[in-house]
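The listed protein sequences correspond, in order, to chains Z and C. Just so you know, we're using the numbering used here here: the first sequence kicks off at 14 and counts up by one. Just so you know, we're using the numbering used here here: the second sequence kicks off at 78 and counts up by one.
What the hints contain is simulated information worked out from the structure, not anything from laboratory work. For glycine and all other residues, C-beta sits at the position ideal for the given N, C-alpha and C. Treat each hint with caution, since some may be false.
Claimed, not checked - Listed next, with one range per pair, are the computed distances between beta-carbon atoms:
1. D194(C) with W141(Z): 27 to 35 Å
2. T221(C) with V149(Z): 21 to 29 Å
3. E156(C) with Q176(Z): 36 to 44 Å
4. S161(Z) with N140(C): 24 to 32 Å
5. V322(Z) with F117(C): 53 to 61 Å
6. D208(C) with F22(Z): 49 to 57 Å
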Amino acid sequence: MTRTAIIGFLSQNLDWRKKPDAVSVILMLVGAMGFGIGITYVLGMLIAEGHAAFNTSSDMAWGAPIAFYLFFLLTSSGLSIIASLDTVFGIRVFYPVAKRAVFLSIICLIAGFSVLALEIGRPFRMLWSLPLGMQVRSPMFWMGVLYSIDLMLLFVKFWLLHQKDWHSRLSHFVAVLSFVVCILAPGTLGLVFGMMAMRPAWYSNIMPMYFILTGFTSAAAFLLFFTSLQSREEADGGVKTLYDEVLPRLFFVSLLAVIGMRFGQIITGLWSNIEGLEASWLQLRSPLFWTEIVAGLLVPTLLMAFQPVRRLPAVQFLAAASFMVGIFCARLEFLIAGQRVPLFRGHWAGYVDYWPSMTEWMLVPAGFGLLLLLYGLGNWLLRLGDRPPQHIAAE
Amino acid sequence: MPRWGMVIDLEKCTGCQACTTACQMENTRLPGENWQDVLFYSEGEYPSGQLTWLPRPCMHCENPCCVAVCPTRATYKTEDGFVLVNWDRCIGCKYCMIACPYGVRFYAEEKQKTQPDIREVFPASGDRVWDPPYQMPKHKQDPTHGVGIQPKNVVSKCTFCYHRVSTAPPGTKDLDPQDPALREHTPACVVTCAPTARYFGDLDDPTSKVRQLIAEKRGTRLLDQLGNRPQVYYLAGEKPAIPETRSVRENAANGA
Numbered sequence: 014m015t016r017t018a019i020i021g022f023l024s025q026n027l028d029w030r031k032k033p034d035a036v037s038v039i040l041m042l043v044g045a046m047g048f049g050i051g052i053t054y055v056l057g058m059l060i061a062e063g064h065a066a067f068n069t070s071s072d073m074a075w076g077a078p079i080a081f082y083l084f085f086l087l088t089s090s091g092l093s094i095i096a097s098l099d100t101v102f103g104i105r106v107f108y109p110v111a112k113r114a115v116f117l118s119i120i121c122l123i124a125g126f127s128v129l130a131l132e133i134g135r136p137f138r139m140l141w142s143l144p145l146g147m148q149v150r151s152p153m154f155w156m157g158v159l160y161s162i163d164l165m166l167l168f169v170k171f172w173l174l175h176q177k178d179w180h181s182r183l184s185h186f187v188a189v190l191s192f193v194v195c196i197l198a199p200g201t202l203g204l205v206f207g208m209m210a211m212r213p214a215w216y217s218n219i220m221p222m223y224f225i226l227t228g229f230t231s232a233a234a235f236l237l238f239f240t241s242l243q244s245r246e247e248a249d250g251g252v253k254t255l256y257d258e259v260l261p262r263l264f265f266v267s268l269l270a271v272i273g274m275r276f277g278q279i280i281t282g283l284w285s286n287i288e289g290l291e292a293s294w295l296q297l298r299s300p301l302f303w304t305e306i307v308a309g310l311l312v313p314t315l316l317m318a319f320q321p322v323r324r325l326p327a328v329q330f331l332a333a334a335s336f337m338v339g340i341f342c343a344r345l346e347f348l349i350a351g352q353r354v355p356l357f358r359g360h361w362a363g364y365v366d367y368w369p370s371m372t373e374w375m376l377v378p379a380g381f382g383l384l385l386l387l388y389g390l391g392n393w394l395l396r397l398g399d400r401p402p403q404h405i406a407a408e
Numbered sequence: 078m079p080r081w082g083m084v085i086d087l088e089k090c091t092g093c094q095a096c097t098t099a100c101q102m103e104n105t106r107l108p109g110e111n112w113q114d115v116l117f118y119s120e121g122e123y124p125s126g127q128l129t130w131l132p133r134p135c136m137h138c139e140n141p142c143c144v145a146v147c148p149t150r151a152t153y154k155t156e157d158g159f160v161l162v163n164w165d166r167c168i169g170c171k172y173c174m175i176a177c178p179y180g181v182r183f184y185a186e187e188k189q190k191t192q193p194d195i196r197e198v199f200p201a202s203g204d205r206v207w208d209p210p211y212q213m214p215k216h217k218q219d220p221t222h223g224v225g226i227q228p229k230n231v232v233s234k235c236t237f238c239y240h241r242v243s244t245a246p247p248g249t250k251d252l253d254p255q256d257p258a259l260r261e262h263t264p265a266c267v268v269t270c271a272p273t274a275r276y277f278g279d280l281d282d283p284t285s286k287v288r289q290l291i292a293e294k295r296g297t298r299l300l301d302q303l304g305n306r307p308q309v310y311y312l313a314g315e316k317p318a319i320p321e322t323r324s325v326r327e328n329a330a331n332g333a
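For reference, chain Z alone in the conformation it holds in the complex (with noise of 0.2 Å):
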């Protein structure tokens, strides 16, 4: 009866008998293959040398995995904000994205975790040690709270729009509490950064914002990423504005957004002396800032400054892949230069040297590799371009 039960409630939700089309199963395979080699190696060296396996140190307590943990977080947010975009505030033009950006807002939070959980010295004591903490003080446990609740709230919204309930009082409650909290989240993960005074690389009451608007980037980059990979020969009219006009627009005005954002950060880091600022001309030196600047901004910006080449599937793959790595880069950049000069002793005993090991650069295919698989899986199984009836029928 159970079992009988299952099936059923499998197959009314999952398009299983449906075929896989052929970019799922690339990415199902690529995704599978990432996530093995990488969890494989990553969870033998931990079992092997434990943390030690990282380059991190007492000096440098925080190393790519945070970077990489924040690249999925913030990315997820911006995916969830966009989201928004249709189900709160009625831009209907963004419908037939609403659904895959909720899902992939999933997978990038599951993703995310999965690497922090590689990261944490005690991971499975966090379950029990922080609601029982509950030290209100620490913008990490708010942290913990708002990213847990945008993902149980995330679930709820995909699941009211697989069984086609966009616009119930129900599914708008969930999604204006969703996109509440997908603007707190990552502002309090900025506040985690930009809260210490002590770091004066990363100390701005600015840093939320920097955050939710590169998430809001990263995430447009995601969506145009994802959609180019699929043909669009026999979208209808909607779909081909969302995807030939609209998004490569929100994609190009919120690079401009972040290029004026990150010039007025590095202008005030090198134009400041004050100590710990010395970071700013370091990474002058750094090859990670170069690739933020040139891959994560200009290649992009480029792309995506002309009408009639932004539309195109492959510009806006190329755009979207450049930006991708430059924003990755940029995560890692910013959290070496917050802790390059050594607290209290500053330059004196001179800068902390970092470059991630094999370990944490193991992370990258891991990460990856279960966010493709998950997103192939999603969508050959989970009707990702769905629409509300009534679009279709204005269209």
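Based on the hints, put chain C in the right spot on chain Z.
Here is chain C on its own, set in the frame of chain Z:
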């Protein structure tokens, strides 16, 4: 209830690192994991260059940001002034290491600074980081106060020798290592300091030695502008070891 604090007289400190070694032995720390360290700075160039140094334990701040950032309350402040880590609650997120302005927190799960890796020479069974032949007696080891050999994947720091100080006779205002009755209750770094540059006592008692020294010799707290209000005070005298005292000295010299 006393509020324990330390005074370090930089005019008497010779930078001999005996405090560092005593702390290592007392608390069974790994090589390089110096809860109590002496930082050396060279300043200027020949012929006017000079070498200065600064002993640096945990400041056991009155308003510690490591306590505020710890999401699980593993780091906590006791009523009698200690800032401690409960190793049974710590998740190893290392946020306290990010937030401590004095850089006095440590995480053992990293590449060791010296070889061979002493943890492999004296491997521990179970959850502990290592199992050296000479270590604090088992009955004194107390993970809830961060005392003894730590478990893996948690953060550690100076405890002001909590296991010694917390057993001091009630009403004690100064823990003077010259007094045989108080010696075993005094922090190891204070006991071992050959030039007696360290003093330990009750900061809330106006008649304590530490309070008198702070008042009479212009006790200074490090990075006071950050608002953590350390319970370790430095007596800099004419030594240029502390940036905080330079402007004071210069103003005094200029008659300001």
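Are any of the numbered hints broken by this structure? If so, which, sorted upward?
3
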